[in-house]
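> As given, the protein sequences belong to chains P and V, one line each in that order. In this text, residue positions in the first sequence follow this note's numbering: the first is 1164, and each later residue adds one. In this text, residue positions in the second sequence follow this note's numbering: the first is 664, and each later residue adds one.
To be clear, the hints were calculated from the coordinates, so they are not data collected in a lab. Given the structure is predicted, the values throughout are model-derived calculations rather than measurements. Hints are not guaranteed to be accurate.
[Unchecked claim] Cβ-Cβ distance ranges computed for the label pairs, FRET-style:
(1) V/Thr-699 x P/Asp-1200: 48 to 58 Å
(2) V/Ala-696 x P/Gln-1193: 42 to 52 Å
(3) P/Asp-1204 x V/Glu-707: 36 to 46 Å
(4) V/Thr-699 x P/Lys-1272: 33 to 43 Å
(5) V/Ala-696 x P/Ala-1298: 40 to 50 Å
(6) V/Ala-675 x P/Glu-1287: 12 to 22 Å
(7) V/Tyr-691 x P/Gln-1173: 25 to 35 Å
(8) P/Pro-1276 x V/Arg-698: 44 to 54 Å
(9) V/Ala-711 x P/Asp-1286: 46 to 56 Å
(10) P/Ala-1283 x V/Ala-706: 53 to 63 Å
Glycine residues also receive a C-beta, built at the ideal position from the N, C-alpha and C atoms.
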Amino acid sequence: VTTEAEQIAQLMKRSKISMSVLLDALSSEQSTFAAVDEPADSGLPFITRLVDSPIQVTGRLGLDGVWRLSTCVVSVAAEHEADAEINAADSIDEDLFVIVDGIDERMIKFVIPRVVADEAMADEVRAVLLRRLAASRFGSTIH
Amino acid sequence: MSELDKLRRLAASPELYRAALALGGEFYRLLGAARTSEEIPAAELKAAFARDLESLLDGLRLDSGRTTP
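Just chain P, same shape as in the assembly (with noise of 0.2 Å):
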């Protein structure tokens, strides 16, 4: 069985992030955020994984310590059945490192008004994201 750690230890290997650059992006003030270079290759994936945002975003974090984003992930489940999807966002993804930190909270707040803004969605993937993002305590980035 491989724990959580020994999964973000093989993560960080194979990225080439050392543990200081980690602690350091960790705790880093940025509070904007550009898209991944492409071809998007090196530095640590990592998703978001706050369990009252109706969105995760998934990213890497570079060799330099700055976090890049590349994609937002709209959750279009039915309200009853947010609760198995928290449970199941609460499995661990071993391709991905799952932020924990402040600085998530920052990349949600960063990405909404962008998401809510992207004229590709469907109109029926937006009206559950505005529902749902009325129902949380992301709603005011909105207005």
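Got chain P; can you put chain V on it based on the hints?
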């Protein structure tokens, strides 16, 4: 973020601490870097980290004026 702050951050996150140990010495590199840059509060670290580190910490020159026996 100072090296000591990084150690404190590790102490607050068991997963990251264990990952640092699993990374073949990352924790000890941080500890070594902290030793050379500032005085390490031994009691704080002993309380924060696992018991298996007590012998290691005991063997280092930590608090001011204290040396390895």
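> Take the hints in turn and mark each one as holding or not.
Here is what the structure says about each hint:
1. V/Thr-699 x P/Asp-1200: 48 to 58 Å: violated, 35 Å
2. V/Ala-696 x P/Gln-1193: 42 to 52 Å: With a Cβ separation near 23 Å, V/Ala-696 and P/Gln-1193 fall outside 42 to 52 Å, so the hint is violated.
3. P/Asp-1204 x V/Glu-707: 36 to 46 Å: Taking Cβ atoms as reference, P/Asp-1204 and V/Glu-707 lie about 40 Å apart, which means the hint holds.
4. V/Thr-699 x P/Lys-1272: 33 to 43 Å: holds, 38 Å
5. V/Ala-696 x P/Ala-1298: 40 to 50 Å: holds, 46 Å
6. V/Ala-675 x P/Glu-1287: 12 to 22 Å: Taking Cβ atoms as reference, V/Ala-675 and P/Glu-1287 lie about 42 Å apart, which means the hint is violated.
7. V/Tyr-691 x P/Gln-1173: 25 to 35 Å: Violated, since V/Tyr-691 and P/Gln-1173 (Cβ atoms, about 19 Å apart) do not stay within the stated range.
8. P/Pro-1276 x V/Arg-698: 44 to 54 Å: holds, 45 Å
9. V/Ala-711 x P/Asp-1286: 46 to 56 Å: At roughly 51 Å between Cβ atoms, P/Asp-1286 and V/Ala-711 fall inside 46 to 56 Å, so the hint holds.
10. P/Ala-1283 x V/Ala-706: 53 to 63 Å: Holds, since P/Ala-1283 and V/Ala-706 (Cβ atoms, about 57 Å apart) stay within the stated range.
In summary, the structure is inconsistent with hints 1, 2, 6, 7 from the numbered list given earlier, while agreeing with the others.
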